[in-house]
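*Asks:* As a plain string of letters, each chain reads:
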Amino acid sequence: MIPDIGHYALMIALIVATLQAVLPLAGLSSNNKKLFAFATPMARLQSLLIIIAFIILDYSFYINDFSILYVANTSNSNLPIIFRLAAIWGGHEGSILFWVTILAVWTLAVTFFAKELPLRFRSTLIAVMGLITVGFLLFILMTSNPFERLAFIPIDGRDLNPLLQDPGMVFHPPLLYMGYVGFSVAFAFAIAALLDGRLDVTWARWTRPWTTAAWVFLTLGIALGSRWAYYELGWGGWWFWDAVENASFMPWLIGTALIHSLAVTEKRDAFKSWTVLLSICAFSLSLLGTFIVRSGVLTSVHAFATDPSRGLFILVFLALVIGGALLLFALRAPTIGLGEKFDLLSRESLLLSNNVVLFTATGAVLLGTLYPLVIDAMGLGKISVGPPYFDVVFVAIMVPGIFLMGVGPIARWKKATVPELAGKLKWALAISIVSALLVPSVMGKLSLMIFVGLLMAFWVMSSVWVSVNTRLQAIPTGTLREKISSFGPAFNGMLLAHFGLAVFIVGVTMVKGYEQESDLVMKKGETKLINGYAFRFEGIKPLRGANYVAKQGQFYVSKDGQPVTLLTPEKRLYLAQRAVMTEASISVNPVRDIYVSLGEELEGEQKDTWSVRVYFKPFVQWIWLGCLLMGFGGILTMVDKRYRLTKVVK
Amino acid sequence: MRLKALIPFVLFIILIAFLGKGLFLNPREVPSPLVGKPAPNFTAPILGDATKTFSNADMKGKVWMLNIWASWCAACRDEHSLLLEMRKYDLPLYGMAYKDVEQDAIDVLAKMGNPYIVTATDQDGRIGIDYGVYGVPETYLIDQSGIIRYKQIGPITPMDLREKILPLLKELNS
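The listed protein sequences derive, respectively, from chains E and V.
Using the numbering used here, the first residue of the first sequence is number 1, and each one after it goes up by one.
Using the numbering used here, the first residue of the second sequence is number 1001, and each one after it goes up by one.
Just so you know, these hints were derived from the structure itself, not from any lab.
With a straight-line cut-off of 27 Å between C-alpha atoms, the simulated DSS-like cross-links for lysine-lysine are:
id, chain 1, residue 1, chain 2, residue 2
1, E, K424, E, K267
2, V, K1037, V, K1151
3, E, K115, E, K641
4, E, K551, E, K541
5, E, K382, V, K1021
6, V, K1052, V, K1062
7, E, K341, E, K267
8, V, K1170, V, K1062
9, E, K512, E, K528
10, E, K551, V, K1099
11, E, K528, E, K551
12, V, K1037, E, K382
13, V, K1099, V, K1037
14, E, K414, V, K1004
15, E, K414, E, K267
16, V, K1151, V, K1170
17, E, K414, E, K424
18, E, K414, E, K341
19, E, K445, E, K512
20, E, K559, E, K528
21, V, K1004, E, K341
22, E, K267, V, K1004
23, V, K1164, E, K382
24, E, K607, V, K1099
25, E, K341, E, K424
26, V, K1151, E, K382
27, E, K483, E, K426
Every beta carbon over 10 Å from chain E, so not counted as near; a handful from chain V, in silico:
id, residue
28, A1050
29, S1055
30, D1104
31, R1149
A virtual CB, placed ideally from N, CA and C, is assigned to each residue, including glycine.
In isolation and in its complexed conformation, chain E is listed as follows:
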């Protein structure tokens, strides 16, 4: 009974969302203002219905209602409650329902926080979001009904994939989806602006906080996913250039470009059609990512069971939404106008170069991701594109971008001069070069990649310092604290995000350059010395979890006779799916991680002998710390009062 209510809620939501889309658009074309009034109530009703459906499905997980096919497939009564609730996004049908639920949340947010927008514009915006909702609801109801019932109710469910039974599962998908789907707001803003013919500084100001919010979610979501992969997959990698990772990374890159381009549009009324195009691209890449994950056109660790009819549906939807948007852009963009002029060297031109770099990087990632598909589609064979391509190409493209990132915030709008910039940055450059040589000499190994990586990181850090200093000098009076708070959150947020990127680069460079890996065979009671640390293997302890049994290795780690930590990597057997999982054990510290993962017990006479893998990962936590700082930087920029609309703009 209750699941049927969920199903009906989705059907009614489809009707309401259709009205939400059609009525305001009809109003726009016939200039009938009365029709605009429908947008907000319809949007709220539709969102509420979808959220109800979502809650009902999650409730069904909570009470273990295995009469629902989806629940029976992705949950189990022995699954801990928190994973049962999160299992809702552990499979295809629930993920899509979750997608549309997040869209409902964003739609609700728009109806509440965008009240100050002119009625006509706001209604068009909501209508565009309604169109997207209609597409996804149709997709759910036609191909992926999460409320499908089973005639014979199984005694127990088939359980959630053990890889997903981790706290990461609770937080990573929601954050990621908030980011992905959040770009739909920027997209709707762009489409509404094209339809409405309203594209000016205020448009950019309205769009900025929404875009930044989506970007912050995406940043944190990707970072969390990366950290999860790091400890869960058992070999200490943090980024794999997997098709699905790329699918989340591409909207992030374009979103980053969009944030910067919006800044120019807002401040200087320039790059307008470019900004609109980026808004379309960011969400298009989100949709493309959804297509890649849901259709199975590319192999990936994230792939769900696939079904060509689903892929076809999303593809048609993709073609209509993105194709329509780009066609509208082609028709209307030339009328937008160019905005204010700027010099070849100015903050505008530097931000434009940043955009070109980010756009090219996205193109390179897209190319690498889709290349196997293209080659296969042309009948030229089967290939795969791996990390060597991405590492080389991506770094080569980003290095000039990061160099410019140090210059951009210091350059003046409209016109900057080389002597002025060089004067401000010469010491930053000198310090960066010296530090980038000094660190490797302490670590005892230097390579080109290490030097370049550290140079970029120190360059960004020192240019952040120069930015702060320049601003401080411009304010003649007041204490340091007063001066800094007078910068405004937007400026501080920008600096924090840039600094975060530098921290991230330090992490990446140090791990890539100095990580160490040893494969060991250890007998109970044995001690081995690796990298200055003594590892004593005290054997295996059996463990029992809620839905698994485990063998837990006991490794006492000490340095120079001082105990450091006890590491307890596990090998778990999940009972419902008879699947074996490796749980790494990690000792975390700001400058190094010790990562131990348990291999197999050796067969034969040598009892209590196990293969063990030990990694030393210097500064690896800086990778995620950097992402966290970027995210906080984004949050800071959003609280700037400039974006709080207090009065109705007519």
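Since the structure of chain E is already known, use the hints to place chain V on it.
*Replies:* This is chain V only, laid out in the frame that chain E set:
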């Protein structure tokens, strides 16, 4: 409308075309390097009677099919009815129980019907390694001179049978 503004749209159409084509391709379906090569040699005990063995050499001079399956594999069960139906064609079908518990495999055949002339066993998966098996079911069509002519990864569908296997069989027998 300036043409420049159409560039994103055109690029997108090209992308969609490839994605559309990609939907009908299977990225996991890697062409087997064994197709066109001699079938790897094996001699394996027969299911239910370990005193006897079956070898690919026994089949020299005949076109035959080797189906690698297991009682623990759900996809094999989906394929089972089609295999039973295939008995009407002039194609000797031999089974290979892959990493299976002998009694389980016997039970499945007793319950669902036995499409195989003989089922060999590959308890430790060694033969599977030689044949490049990475997921059951997998099926090989082997010609008179012992050359693998076709490899099916995953269950045979009626369409595979109609469009690939039967035409090839006809060609090999003529």
